[in-house]
Amino acid sequence: MKPGDAPEFWRTLAEKNGANLDELVGDEFASRLPDSFDAVERRAFLKLMGASLALAGMAGCTRQPPEQIVPYVRQPESIIPGQPLFYSTAMTLGGRATGILVESHEGRPTKIEGNPSHPASLGATDVFAQAALLDLYDPDRMQTLTYRGDILPWSAFLGAMRTVTTTEQAESGAGLRILTETVCSPTLGAQIEEILARFPSAVWHQWDPATGVNSAAGLRMAAGNDVSAHYNVESAAVIVSFDADFLACGAGHLRYGRQFARRRRPEGAGCRLYAAEAMPTTTGAKADHRLPLKPSQIEMLARALAADLGVAGVNRGAALPADAQAWLTAVRNDLNAHRGASIVIAGEGQPAVVHALAHALNATLGNAGRTVLYTDPVETHPVDQVRSLRELADAMAAGDVDTLLILGGNPVYTAPADLRFAEQMAKVRVRAHLSLHANETSAISHWQIPEAHFLEAWSDARAFDGTVSIVQPLIAPLYGGRSAHEVLAALSDRPERTGYQIVREFWQEQRGATPTGARGAIAATGASGATGATGATGATGATEFEAFWRKTVHDGVMANTALPTRAITPAGPIAAFSTAPPAPDGGIEIAFRNDPTIYDGRFNNNGWLQELPKPITHLTWDNAVLVSPATMERLGGAARPDFTGGERGQIHGSVVAITYRGRSVRGAMFPVAGHPDDVATLHLGYGRARTGHVGADRGFNAGALRTSDALTFGTGAQIATTGDTFPLACVQYHHLMEGRDIIRAIPRAELASLKKEEKALPSMWPVLTDEQEKVADYKWGMSIDLNACNGCNACVVSCQAENNIPVVGKVEVMRGREMHWLRVDSYHQGEVANPKTYFQPVPCMHCETAPCEPVCPVGATTHSSEGLNDMVYNRCVGTRYCSNNCPYKVRRFNFLQYQDWDTPSLKLGRNPDVSVRSRGVMEKCTYCVQRISAGRIQSEREGRKIQDGEVTTACQSVCPAEAIVFGNLNDPSSRVSMLQAEQRDYALLRELNTRPRTTYLAAITEFNPDLSDK
Amino acid sequence: MAEFDSSTALVDAAHRAYNEGYRKMDAYSPVPIEELHEALHMHDDRLPKIVLAGGILGGLGGYGLQYWASVIAYPMNVGGRPLHSWPAFIPVTFETTILAAALSAVLGMLALNGLPQPFHPVFNVPRFALASRNRFFLCIEARDAKFNIDSTRQFLESLGAREVTTVED
Amino acid sequence: MMTPDPVTRTPKEAHTPIAGAAGAGVPVIAPGHNFATVTDKISAIVLTRRTSLGWWFGFAIAFALANVLLVSIGYLVAVGVGVWGINQPVAWGFAIVNFVWWIGIGHAGTLISAILLLFKQTWRTSINRFAEAMTLFAVACAGLFPILHLGRPWLAYWLFPYSNTMNVWPQFRSPLVWDVFAVSTYATVSLLFWFVGLIPDLATLRDRSESRAGRVIYGALAMGWRGSAHHWHRYETAYLLLAGLATPLVVSVHTIVSFDFAISVIPGWHATVFPPYFVAGAIYSGFAMVLTLAIPIRRVYGLQDFITDRHLNNMAKILLVTGLIVAYGYMIEAFMAWYSANTYEVYMMRNRMTGPYGPLYWALLFCNVLTPQFLWSNKIRTNALLLFIISLIVNVGMWLERFVIVVTSLHRDFLPSSWGRYEPTMWDWGTYMGTIGLFLALLFLFLRFLPMISIFEMRTLVPDAKPDQGGAR
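Chains as they are written, first to last, in our numbering: chain W, 1 to 1014; chain E, 1015 to 1183; chain B, 1184 to 1656.
Just chain W, with the same shape it has in the complex:
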């Protein structure tokens, strides 16, 4: 800890005590000793001591970073205890930034929201952004800088790098290699350029297989040089997806999701979605016409479509199956009818040529420039990453690499098996790895450098459209981590610069705020440059820059930095189109995909994401060999529910051995309706050799099978059952509606003729709820639009983060005891081979005549004057009768002590406005009552009523599709009132006359008449 922090330290301790008080109160409400039998209460005092010390050790978690950071609404000086502040920053995935707002309580980040002014967010976030918070507080993070296992100070690393620089200076850095993930950070890019300028023979490699490898290659093929593409979904009437899950992943998917949902609204212009895909995705589920195809067949489909629509010189390749042909014809006609207002989009899982075909199609259809926009590359230094990594591997194999600096990522785990990366890396003399967690790569690195979480460090990054955001920290590094900027600085001539200085100086320089170009100054060796850079800044320039800096950091976006769109003109006929595609062979294909919740494994140790049901499969905690039911049967496999947990918990899948290109893995097989036959989809990111406690021993490593020439799918795999079975934690195995009126869907055409249904049915009780509703100013209600929801699950994690919902672990999930207050059910309609899938988020319905309330013997759940179905934790004795009597089964019970009372870092991340529940009490969705109270306090202070949209629930605020709307039903002009007034509004299980306050809007289908007969 730096001596300068001393005063901070004392302030921290004081604030920490405050925090402890909160905890004690929390415990008191969790009602006395026996609750937390695991000795929390008994050792409470010691614990609090321990916690305080641990935290003091963390150099004061609750202190602001030393530099001045700019809160979104108010100045940091105006911290009022109990009053959260919001700061804008950005999270990057695959290098691309997504703007976020982070809620901070007394200097502790507790919740992440989207940044409305950021183009990639528009106020929404995805599951990864939500869960990033837990990564920040993950006790398993790498906590100390070590060299060959010895704990060393940062200065030791600087020293080591100094020796490296001096030695490398001699051979102009021939032995120096830097491996990063995709870099879209202007500052980081510039820093590396600097280093390369200093060491001309040094090489910068990029490897980030999870995002953009194929699409970049495809663009390169289509445009002849490196460009980036993004889409304008709001003006697309027809979208054709070739295995593209553009609503749920990839840069800009939040924006696309929102635009798609808006177009599909009744008042929207409508947008018909065709999806040809292998593994069913949320995009496929939203599609009006989904076509299950083997990954390899999709290229044929793309070629056929291109040929039909007149793309020059396309070799059709093999013939398509009959149903695909019918699909193709309909799509072709539809596209023809909507030239300039359609999008053809290829997914990451498809090879470059399919992407190129898609771009060619868009060009032919006149979509380019209208719905498909091209810009200069967003990456600062785009490369063919597969080649880049192969070169590095070869160089290491040849022993040409003396120093390898790996900034983030986990190449040892993610590199294709055929590169034998670990083996080659062992030949490098100095191996340094910057990482959030100790992973497979750090295991074989000499220098293991704890990385600062993005909420702890300064940086910057471009969004999918080039918009720049400044990444500002909310909290000083918990474990003294360092950012990539600071590590790279070690190779520069001014190693001590902080991330703040580096980023700020870069932009000063960009804004020309420094008369003597800092770049030159840096190039000029010696301290003079430093002084030149910082000292000689013109006063006017300084003030002007200060204003710009404050505004940028405050807004979370740098004004007018979106890259200008440009046209692409292929150099000539594209060879790949005319060459005959590989004939598909008979064997089983396997497809490698990022895991929907733990991505490429970087979120492997994140409990929220591990326990988050994966869309479509609803699996948690493991990956599986995903096949079609028919294929499973053919392979002699089976999946059966256990009597413990059953359909809602534990499914035993037969363990199969997959042999592919001489390598083999074993995994549990799991059937997926709508999955193409003879294809096995494997999700990456599991089977980790080195990770934290949460991710250890989960699933199998599909990456061990994949080779650099076929990153996303390949043919010729053998799958054999082993006779064993493996228990999978699946929270919804039954997807049939059993002919019940659960999901409603109507064709767009019939919207007008639909008539609204009456909410209430006759009852034996005098209906006094009406006058009750009058007494209060507010009558809270919620509307969930099944038409908009694309099952992305962001709401589930958001709810978990906002409401301190515990993670129960795989065993408890398998017993059917997971705790999510909000779940996203999915139901299938139609034949198993290719069903239509609907998503249905189910929170507590807050029924007017709630069945759960009269059966509670102690009145622990009752109605508030504003119509909330309140749950009084400290009055609950745990009869669970309410849960039995809840027809929606939205109540969750603490069967055991699920909440972690011990880990100090986790305590920091909890929402102080929500009591932490203990063993033996029931809990459920509260409509985020704490947010309502906050809104009420605010409005009462200002002597007005709460305005519509002022209070948003956690699930609503993060939803990219705006599917969830919450508000005051007493106000006829509120959005929720108007939505509930819509014709397609209906109450779930209305026949029970529970009169739920949460109602649903029926899904709207836009089937193509030519296809919908089948």
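It is worth saying that the hints were derived from the structure and are not from the lab.
Wrong hints could be hidden among the right ones.
DEER-style ranges, computed between Cβ atoms [stated by the list, open to error]: (1) E:Val1085 with W:Ser939: 30 to 36 Å; (2) E:Lys1063 with B:Met1406: 21 to 27 Å; (3) B:Ser1367 with E:Gly1128: 27 to 33 Å; (4) E:Val1085 with W:Glu738: 38 to 44 Å; (5) B:Ala1403 with E:Asn1162: 19 to 25 Å; (6) E:Val1085 with W:His652: 34 to 40 Å; (7) W:Ala760 with E:Tyr1088: 51 to 57 Å; (8) B:Tyr1522 with W:Phe1007: 36 to 42 Å; (9) E:Val1085 with B:Phe1302: 50 to 56 Å.
To give a feel for the contact side, a few chain E residues facing chain B, derived at Cβ under 10 Å [as the list claims (entries may be wrong)]: (10) Ser1099; (11) Leu1144; (12) Ser1165.
A short, non-exhaustive set of chain B residues, derived as facing chain E with CB atoms under 10 Å [said to hold, decoys possible]: (13) Ala1249; (14) Leu1375; (15) Ala1386; (16) Phe1639; (17) Arg1642.
All residues carry an ideal CB built from backbone N, CA and C; glycine is no exception.
Chain W is fixed; fit chains E and B onto it per the hints.
Chains E and B only, in chain W's frame:
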């Protein structure tokens, strides 16, 4: 006090003693004998009244408690049901009625019988232990107006008693 | 009225509601008994005979089982109800199944001692005492479960209406609160009824006990009872009134227990047939249990004179009748599900028969509907061994019924997305077996230290209980 072999003997002994004009007397038997009640002209119907009162009080109390608790003391909107959901209050009311009635029956009986009573003079008679087995006793108390230690003894012997003893207290 | 004149004792019984013609000729007490023999024979079991090895052996086993209960409860309270198999959606499991089962068993005791008393069924006399004891012990076991199944059992007292600083009261619309009142009232009244019945016998034991300790203890309990005519007079009134009160009570208790389910919205629970069908089920299981206990006891203690084949016969008849009522209940459940044409009800019934728990449903039909049909035969009704086996099967069947009602209704209700399953853990079993141990242990103590047959009531059955003249009206 006279000891008899059979209930028959005891019953007509009691009859004759009553006709003789003895009033303050009591009979002891291992089994209840209905005829004795007429023989000794016992009329006590207080117990049923007590039980009735207890039941009524219990019922009113039970319903009152529920009404007060859910309407007056802590009114809450529970599942949109009326505060005074009388149909839901019936079961508890019923149970409290029974409980109070049953308690008053037992306690009333004990109280009227003056039980528990650890000691009573008749226990001084050694053979009285048989009263709980197979012997029947008729006891004319000294408090009785006609009581005379000799004449009463003769009278009892004249009833064909198995044995006549004097109860000392 | 405890003195049935010769007329009511034999021929007339042919016309009394429950005891049918068959076996009416057989006396309810073997001939040749007088006050002395009855008194001596019964009290001897408690007083004179030294504790038999068999008793020790049986008690040891029961006590060991009771300790399993102790361990299970300890672990439960320490770790949480999560040690059981319950989950979402099946949040009630063994605890509630066992609760209903035990409560049901209890009902027979009250029925025998109260209702049959009102019906002047003199044959009840020799079995009512231990039937009542059985009631008490069963209710004790039953009472454990609602407390244990709470997430926070140490707060169970919050269900009682007591004045507290927060001024919050129980929520009287909840059937669980009704349960609290019903079960506690039931326990109290049963105890009173039992104890009042014991007083004269305690006096007998006091007078006949050789040991000083015996005299003191029994004396204290007898409260100075001396068989005074005045006392007998009020005593009988009280006893009769108690019987009159216990009769509606016993009906109300299982009705209220059935409300736990009938009040809810869950298909398979939400049924109007539940109250009568639960009460019948309770009596059914209760009589099964009485038979299960009476048959071995009368053999071991050689009480064939007092618990005659006539008793077995009558109880078997009741078993048959209630069994038929229960069968009717099952039929109506299925019929209503079909007749309602309600998606959820229809599916529930189909799921009960063919779903994952289907075998249990068929097993329960075999135990509760098929088995009792054998009781139409007079031979089987008077064959102690067969009766014993049948009663055991019925006990199992009634437990299965509760399991089917609780679990199969919950595990698949309205939204298929929330369908799950339930499987008991070793702790579920431990708690259940433990209560059986507790029940038996208490029963063994009762047999050893209290007259298992009401002595004074038995006396009223022997010929010389009744004066030869003056009584007949």
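Evaluated hints:
1. Checked against the hint of 30 to 36 Å, the C-beta distance between Val1085 of chain E and Ser939 of chain W comes to roughly 33 Å, which is consistent with it.
2. Separated by about 23 Å at the C-beta atoms, Lys1063 of chain E and Met1406 of chain B satisfy the suggested range of 21 to 27 Å.
3. Judged by the Cβ atoms, the range 27 to 33 Å given for Ser1367 of chain B and Gly1128 of chain E holds: they are separated by roughly 30 Å.
4. Against the hinted window of 38 to 44 Å, the Cβ-Cβ separation of Val1085 of chain E and Glu738 of chain W comes to about 42 Å, which satisfies the hint.
5. Between Ala1403 of chain B and Asn1162 of chain E the beta carbon distance is about 37 Å. The supplied range of 19 to 25 Å is therefore violated.
6. Judged by the Cβ atoms, the range 34 to 40 Å given for Val1085 of chain E and His652 of chain W is violated: they are separated by roughly 54 Å.
7. Between Ala760 of chain W and Tyr1088 of chain E the C-beta distance comes to about 27 Å, which lies outside the given range of 51 to 57 Å.
8. The hint said 36 to 42 Å for the Cβ distance between Tyr1522 of chain B and Phe1007 of chain W, and at roughly 38 Å that hint holds.
9. Distance hint check for Val1085 of chain E and Phe1302 of chain B: the Cβ-Cβ separation is about 42 Å, which falls outside the suggested range of 50 to 56 Å.
10. With a least beta-carbon distance of about 6 Å to chain B, the hint placing Ser1099 of chain E at the interface is held under the 10 Å criterion.
11. Evaluation of the Leu1144 of chain E hint against chain B yields a held restraint, the C-beta minimum of about 8 Å falling below 10 Å.
12. The interface hint given for Ser1165 of chain E is broken, as the beta carbon of that residue sits about 23 Å from the closest beta carbon of chain B, more than 10 Å.
13. Checking Ala1249 of chain B against chain E: minimum C-beta separation of about 29 Å lies over 10 Å; hint violated.
14. Restraint check, Leu1375 of chain B versus chain E: the minimum CB separation of about 5 Å is within 10 Å; hint holds.
15. The beta carbon of Ala1386 of chain B is positioned within 10 Å of a beta carbon in chain E (closest approach about 5 Å), and the interface hint is therefore held.
16. A distance limit of 10 Å between C-beta atoms decides the matter here; for Phe1639 of chain B the minimum to chain E is near 6 Å, and the interface restraint holds.
17. Hint status for Arg1642 of chain B: holds, given a least beta-carbon distance of 5 Å to chain E, under 10 Å.
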